[in-house]
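A.B. asks: Sequence:
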Amino acid sequence: MGTTTGAASTADPAARRKAGRPRGELLNRPKIARAALRLVGDRGYDALTMSALAKALGVSASALYNHVESKQEVLQLVQDQVMDEVDCSGFATLPLQDAIRRWAASYRDVFARHAPLVPVIAVLQVSGSPRTLRMYEEVAAGFARAGWETSRIIPAIVALESFIFGSALDAVAPQDIFDVGPLADEVPAFSTAVDSQRATGKDPAQDAFGYGLEALLRGLPAGPGSA
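Every position in the sequence shown, counted from 1, becomes a number in this note's numbering once 48 is added.
Everything labelled a hint here was simulated from the structure, so no lab data went into it.
Each residue gets a CB set at the ideal place from its N, CA and C atoms; glycine is no exception.
Any given hint might turn out to be false.
[Stated by the list, open to error] With a cut-off of at most 25 Å between alpha-carbon atoms, the simulated DSS-like pairs for lysine-lysine come out as follows: (1) 119 x 103; (2) 103 x 79; (3) 79 x 119.
[Stated by the list, open to error] Quick list of simulated restraints, FRET-style, between CB atoms: (4) 92 x 176: 20 to 26 Å; (5) 250 x 197: 33 to 39 Å; (6) 233 x 195: 31 to 37 Å.
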């Protein structure tokens, strides 16, 4: 009886499939995006190749290609993974400038955590990234509700993003990036300005981000008829 049951179990295709499944998480697009993000974070963008990604996932390259067609598609998955962390909820409820403040601070913090991706994401097309497009939709809709002329919305977003990406890189720059060392006497105005900022006790990157964002906001029209 026991032998018969064992033979039937062995012959059962469903039982064979279950026994043959890997113990870990099955390969899927979110898992691929997370692995690619870790790879870039640990070793830089140049380390992201399809073979390196397959190795990091513990699968063959052919298994990886069953889920994504190219490195470009992987990057679009990564873009969606990262952009999904950016808080754009304020554009539905807050006055435009307050919404921009919340979005810009979140955006900058997210990319400060993923700084190696800034040069890649900044020039990556969004057509294959639905969550990224949803973020832009929320932002554009917020500008439109504030009465902005539609032809000026994209230039405003790009101007803000250019500042945000630069600020994200500044957030991970060395704290002593502006140390002038023994050349202080040759650049007295700059050296004095550096010392003066330090004397405030404020984090230099955060101080610069807040100052720059407010300067940008003063130049952005806030409502109908001013765009």
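A.B. asks: Against each hint, give a clear statement of whether it holds in the structure.
C.D. replies: Do the hints match the structure? See the list:
For a cut-off of 25 Å, the pair hint linking residue 119 to residue 103 stands: about 14 Å separates their Cα positions. Using a Cα cut-off of 25 Å, the hinted pair residue 103 and residue 79 holds, with the two alpha carbons roughly 13 Å apart. A C-alpha spacing of about 15 Å is found between residue 79 and residue 119, which places the hinted pair at or below 25 Å, so the restraint holds. Separation of residue 92 from residue 176 is about 23 Å and conforms to the stated range, judged on CB atoms against 20 to 26 Å.
About 36 Å separates the C-beta atoms of residue 250 and residue 197, a value consistent with the hinted range of 33 to 39 Å. A hinted range of 31 to 37 Å for the beta carbons of residue 233 and residue 195 is inconsistent with their spacing of about 53 Å.
Hint check: a violation occurs at hint 6 only; the rest are consistent with the structure.
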